[in-house]
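Residue numbers (numbering that gives the first Met the number 0), protein chains in the order written: chain A, 0 to 265; chain B, 0 to 295.
No lab work stands behind these hints: they were computed from the structure. Be careful, since some hints might not be right.
Stated by the list, open to error - Distance condition first, Cα-Cα at most 27 Å in a straight line; then the derived DSS-like pairs of lysine-lysine:
| # | chain 1 | residue 1 | chain 2 | residue 2 |
| --- | --- | --- | --- | --- |
| 1 | B | K54 | A | K173 |
| 2 | A | K1 | B | K202 |
| 3 | A | K103 | B | K147 |
Said to hold, decoys possible - Chain B regions said to be covered by chain A (calculated; three or more residues, Cβ under 8 Å):
| # | stretch |
| --- | --- |
| 4 | 45 to 52 |
| 5 | 81 to 90 |
| 6 | 94 to 105 |
Yeah, the Cβ is synthetic: ideal placement off N, Cα and C, and Gly gets one too.
Below are the chains, spelled out letter by letter.
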Amino acid sequence: MKLLAIEWLKIKRYRTFWILIGFFVVLLFLWNYEAMKGNIMLGNSKKNHGISIVNSDYSFPQAWSNLGYWGSLFIIFISILVIILTTNEYTYRTNRQNVIDGWKRQQFFHSKVLVVVMLSIFSSLFVVLLGAVLRLSQSGSLTGFFTGFHQMAYFFLLSLDYLGFALFIAIWIKRSGLAIGLFLLYSTIIETILKAVVNNYADKSYGNFLPLQASDELLPFPFPQMIKPMMSASPSFSMHTYALVAVGWCLVYYFVARAMLLRNDW
Amino acid sequence: MATILSIQNIHKSYGPIRALNNVSFEVPEGSVFGVLGPNGSGKTTLLGIVLDVLKAKSGSYNWFNGMPNNAARQQIGALLETPNFYHYLSAWNNLEITSAISGRGKDDRDRVLKQVGLFERKDSRFQTFSLGMKQRLAIGAALLGRPKVLVLDEPTNGLDPAGIAEIRELILALNREGFTIIIASHLLDEVEKVCTHVAILKKGELLLDGPVNEVLLSEDQVEVSAGDIERLRQALTEMTGIKKMNVVNNTILLTCAPAITPLQVNEFCISKGITLSHLMLRKKSLETKFMELTNN
């Protein structure tokens, strides 16, 4: 708790922190709001008979699928925030000063791990709140709120996976620009290529077990109701397997990053 | 006297470069301990190791006779290499973090900011500070909560002459109050004025260490001159206590035994019927000694 209180001293007056949190909150809200109204379309607008490719059903449990998937895209903002908060310490050399002032190296590491956990909790709570608000604004009731609610647990796990990966990259690379670049490249392009290659050559879709992909599999793209039957291929592995793999990756980030911090010069 | 810091056989390399080679010494309580050496001699590396931001290849160190290192660091005010602060936070809020981590001096911020002359700028963000102001804030942070031990790496970096004099006064004042101060520097002048003990490093090797007045035992020299320099030289060969004579231009440089004073030299010459035209006592400066030690 002491560690977290000190991290809060560092970030509460940091403008970039509030801006990135603001982007996440506002944009995730607007996106889901427009999706619910059926305004997010492929090609053209609603007036011109555009085709809706995203699900606009925000009753439960479908709302959790929608919110979980969109949240998994917008969590990128928070991942970048984690990278900036961590690489700042290297840029300002405050990581050294924190230790000089009396922290153990491990305490420095745990303070950042706690930030990752708190941001994951915050993001998940916000997504849950968004589900409630959107549903209430649409129907005035929260019937079936807890059906499919386990998807919010998946979302929490996904947040941990993404933010933990971001922390790992930041501790490894130490420089903000390069770390953000690598994170974005990995999450959008590199992993997609790796996954395609592995899935092509392996006898099962083991490519789905890649660091971020494992948790992405927990929250698949929310197709609209009418095309759902066409798109639903049977999943390669059970959700339990993916959840376990995601937890595994979180442990890998934790232990590898910790070993790097304890061993190296700062 | 108790030992504040004890360093045993520290080795450290950066790839093929040997930064420290088997360095051992002890810092006694109440001393102003100067770690001296030319640029790149391993001063900052050594302090970095004892503050746990760098890892030694081998060897060990302990603070306060074996107190856990992080607890010891909480009781040490330290400034290593550069002032390290959050650029977007004010001086005031940066010190809040320092005190939250070290557990020292949350209520002491006004005092230290006044002491280092930054009180008027306490609400300005760190990134708006000049180099000298950043350095002052770092010194202020080290002083927070009056830690009994200070580790100052090149504390006068970036300071103007008045600032340098202030820091020197501050170190002397703190030492009189019984604080132990470890100071790394390549500015000998600075060290000569404040240190009670020194350790001299060169290319990672410890050349010598101990109390200043023992290890840098000054061999005083007496400079003399007279109308007939050759007659003076002849006469002085008969004087006891003269270890060495060098004729330089029109003066003779005498290296004497510690008991010999200029007065005795003068009396001796008068007794030989020589009137001196020049008589001067030359203290060998730390700088000369340092150059001798580190140059070959």
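Hints versus structure:
no.	hint	verdict
1	B:K54 with A:K173	holds (18 Å)
2	A:K1 with B:K202	violated (42 Å)
3	A:K103 with B:K147	holds (20 Å)
4	45 to 52	holds (count 4)
5	81 to 90	holds (count 7)
6	94 to 105	holds (count 7)
When the structure is compared with the earlier hints, a violation turns up for hint 2 alone.
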